[in-house]
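Put chain B on the given structure of chain A with help from the hints.
Next come the chains, spelled out residue by residue.
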Amino acid sequence: MRDLVRQKTALSEEIEKILNDQIRQEAKASATYLAMASWCDQHGFAHSTDFFYKQSGEERGHMLKIFKYVNDVGGKAISPEVTDITNNFNSLRAIFEQALEQEITNTQSINRIVDQCYKSKDYTTVNFLQWFLQEQIEEEFIARRALELFDVIGEEGVGIYMIDKKIPEIQYKAE
Amino acid sequence: MQLTENFKEIFRTPNGCVYQCEKNRCFEVDFGGYLTEFKLPCFFALKRMVDRIDLDAMILNPEKASDIEIISPCGSERCYVLTLPELLEFKELLSGTRVMLQLNSILHERLYRIPA
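Protein sequence lines correspond, in order, to chains A and B.
Here the first sequence is numbered in my numbering, starting from 1 and rising by one per residue.
Here the second sequence is numbered in my numbering, starting from 176 and rising by one per residue.
Treat the hints as calculated values from the structure; they're not laboratory data.
Accuracy of the hints is not assured; some may be wrong.
Far from chain A by the CB rule (all over 12 Å, computed), these chain B residues [what the hints assert, rightly or not]: (1) Glu184; (2) Glu244; (3) Ser251; (4) Glu261.
Chain B side only, calculated, beta carbon under 7 Å to chain A, not exhaustive [what the hints assert, rightly or not]: (5) Lys183; (6) Glu197; (7) Leu215; (8) Leu276; (9) His283.
Note that this is a predicted model, so its numbers are computed, not measured.
Note that beta-carbon positions come from the ideal geometry of N, C-alpha and C, so glycine has one too.
Bound conformation, chain A alone (with noise of 0.2 Å):
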């Protein structure tokens, strides 16, 4: 009998749905950082409002990465539907914190999903996820720093005006 299966698709049916999920919290990720946006340009802070925004098309970026992979291996990608985004915070600190935590919390779902690509033998969707892995560096070192700025510049007075000012500046350098 014919494999017609693997002629048909690379992607073990498991790896796909959890590639899947993963496009789906891109795609909420994405959603957040828009909210965040919208949040800080009603509140004046006019850089962060960019750096959200930029963050946004990142993170749509990377969900459009993954379902262009999905579908090349012959999967089947599936647009995922985003609901119960936040879109009000409590302060600009609030919203850096929760960044922060969106991001830790996507390494963490990348790690998982490298780990079962290893355990089914994946080894191309492994190499294909390395660069999410790299990737996730930078994207936690900059939510990581975005909030040390709170500290070290503190938020009395003309702080959050210079702390919102600092927030462009932030830059990963690998070397």
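Coordinates of chain B only, in the frame set by chain A:
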């Protein structure tokens, strides 16, 4: 539609069977007295659809309508109207097929794709 030598039986339950059509590169699902052709993506979409049905909720729901599930798979004009026992068997048929397909892939790799 008639079963020919191109049809390879993949998995069978008391009232159903799934065949692989080598010629048309598709699956034929024989269930409830009807033979229905599915392309590979549509077959797996059907399996996902059936897997998502919450059987526990159906069993626990006392309403009469909850004993019936209507399934409209993509790429086919077939509409399955299944009672709970039929649904259980249909689910077993699709899952069993999936396992046999995985086994077939493993056998192909071990027997034909690893150089001697």
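Here is how each hint holds up against the structure:
no.: 1; hint: Glu184; in the structure: violated (9 Å)
no.: 2; hint: Glu244; in the structure: holds (21 Å)
no.: 3; hint: Ser251; in the structure: holds (16 Å)
no.: 4; hint: Glu261; in the structure: holds (23 Å)
no.: 5; hint: Lys183; in the structure: holds (4 Å)
no.: 6; hint: Glu197; in the structure: holds (6 Å)
no.: 7; hint: Leu215; in the structure: holds (5 Å)
no.: 8; hint: Leu276; in the structure: holds (5 Å)
no.: 9; hint: His283; in the structure: holds (4 Å)
Of the hints listed earlier, the one the structure fails to meet is number 1.
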